[in-house]
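K.L.:
Could you put together the complete structure from these sequences and hints?
So the sequences go chain by chain: A and B. For the first sequence, the residue numbers in the working numbering are 1 to 440. For the second sequence, the residue numbers in the working numbering are 1 to 281.
Calculated directly from the structure, the hints in this document are not laboratory data. Be aware that one or more of the hints could be misleading.
Said to hold, decoys possible - Chain B regions said to be covered by chain A (calculated; three or more residues, Cβ under 8 Å): (1) 33-42; (2) 48-59; (3) 94-106.
Said to hold, decoys possible - Cβ-Cβ distance ranges computed for the label pairs, FRET-style: (4) B/216 / A/428: 53 to 61 Å; (5) B/172 / A/428: 45 to 53 Å; (6) B/206 / A/382: 33 to 41 Å.
Ideal placement from N, C-alpha and C gives every residue a C-beta, glycine not left out.
What follows is each chain in one-letter form.
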Amino acid sequence: MSAILTLAVKDLRLLLRDRVGFFFTFFFPLLYSVFFGILFSGTSKGPSAIPVAIVNEDRTPASDEFVSSLRKTSSLALDLVDSRDAAVDLVRRGVRSAYVVIPPGFGDASQRLFWGAPMRLEIGTDPGQAMTAGMIEGLVTARAFERMQRLFTDAQAMRDNARRSLEAVRSSTGLSGLQRTLLETLLTSVEALPDMFAAQKSAADTQPDGTTQPAFGGWRPVEITTSQVTRPAAAGRPRYPSSSFAICFPQGIIWGVMACAATFAASLLVERTRGTLPRLTVAPFARWHILAGKAAACFFTTAGLIVALLFVARLGFGVRPASLPLLLVAILCVTVAIVGLMMVLSVLGKTEQAVSGISWALIVVLAMLGGGMLPLAFMPPWMQTLSDVSLVKWAILALEGAIWRGFSPAEMTLPCGVLLSVGVVGFAVGAGVFRWSEQR
Amino acid sequence: MLRLVGLRKTFGTVVAVDGLSLEIRRGEVFGLLGPNGAGKTTTISLAIGQLRPDAGTVTLDGAGSPADPHVRRCIGVAPQALALYDELSGEENLRFFGRLYGLGGSTLRQRVARLLDFVGLTERRRDRVATYSGGMKRRLNFAVALVHEPVLILLDEPTAGVDPQSRNAIFEFVQTLKSEGRTVVYTTHYMEEAQRLCDRVAIMDHGRLLALDAVTGLLGRADRPTVVVVERAAGEERIETADPKAELVRALDQPDVLGVRVERPDLESVFLTLTGRRLRD
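P.N.:
Rendered as structure tokens:
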């Protein structure tokens, strides 16, 4: 045990002496986490808003109200501009992702029921941001429907609109006799509808559970509710990522620990090529001690790196783990897996350059497959299935499970089991090949 | 002290050591002489348990096979390739290897200080090895082999690539070890080193033992006689003789003689006699 510790301490000392290696092992993952955390969150104040230019050509109370409702949408950063040309120019130059024009007639159209031209909106988007365009269209449509919904849920507004529409139909000259008769019948009924519901108000307002219904009998044309799928919050635990840092730090950690694996894998080759390994093999201990020392150094460095990064995440960015015991288990399992990976990487080449090259090639592939570069959700189904072979996926899942997914111990079993298996199998394979190659 | 019996080691189709048997006596400086590729380093690797022989046995008196880690505690090795950590200082290297052999505390401190003094690196002890010259590294490599005070020390080409000053220093270290009664195995392809330092020399080629004897005994196997070279104004006269002393006296009596020198057979000529090739071919 003393020899293993001596070997491990030596490797840690060598790591500390290698300033470039130390930077890329400890500080690069931190920079990665902070950079992408800020990029995706805007200093953790929630998701970044999409910049949109809006032109109000209608300038009616209805259009003003619509602009106000869009302003309240946190996903949009609205910039009111004077002209359509200015808005188009902003999008063309990439300053804004899209523009929305409220053309003249929007206010009039919003007052009509069942006839006449509909409310019109024009949306222009940057062709390079197809996904953003879809989001903007959905958000603007939702605000427009909210306005339509109010016509049907506010009894007085509905009565007023029905009356105005009835007057407009009666004075219109462009309608056939049949159309006029049908619309007059319909609008008269709509105008009377709120009174009919008012008669039943006392009975309908109070629900069996004691809650009250909104006006107009509780009927709505459409109601959309959104929610985030998370585990019910336990006392003191987050229900969802407290910020994008809660997502970016596990990813940064994974890059850091993979770098650890590559560094220590190469260091075993360095020992061999510089001649220190033969000297170690004639020291008075079994050969597996050398590997155990290397594994211990990799283990301590990896665990230290994860703890250090999580410490920074906690103190600097408010990332709190959902479960500290499960986080410790996750750290242990990720560390064991990284040690196994290091052992395999160390026997994949015969020179330091070969091992470094192979290590990084493999790490990039594992990261790509496992969601270390691109979220798994963006990948095609077959790639998501293939990602099961990447320890990056399981490492991220284990860390996220303990940090913000709120995994139970049973749910941690799968990712942790996979990681431990990778560690044990990797160590066995690496040790076997090492022993075989040393005896040749 | 160390007994090698019927050792054989192959790497693929290459036979590195072929049926080697020899015994190294306690307290002697034993030379393994041969050209590059003769199998000297493989023999050392087999002797210290670093490689497993295809056939044969290695035994250290009173301890057993060096394949056993505990037996290796009695052995110190200075490999041909410098086995040092460049990023650590000379002192840290010695401390690290000392700890691997179970040393610690004041024992380790004192031994490290003594060894640094022994190899002349006390002033540079805190500098990183990367800043050392080749000779300094070679001396430190030598010191590392001694840190646990082994009874058997194997030096594999210890003067390879060093300056004359460091080479002389290493010769002095070896002679000091001999005077302390340690057993030293010294591999080299420089016949003058073997001739100068070793009590007995084994000559190897192609993995086989060609000859093993004391240096004087080996010199007697050379088929080249002693030559007395007489220098005159007209040129040199080379006189092969079995009695160089008499030939010298005779030459010095002659009035036109400018100088006289004796060329005795050396291990180079012994190797030439045994193999038909020169050592450095």
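K.L.:
Which earlier hints can't be squared with this structure?
P.N.:
Numbers 1, 6 - these are the hints that the structure violates, sorted from lowest upward.
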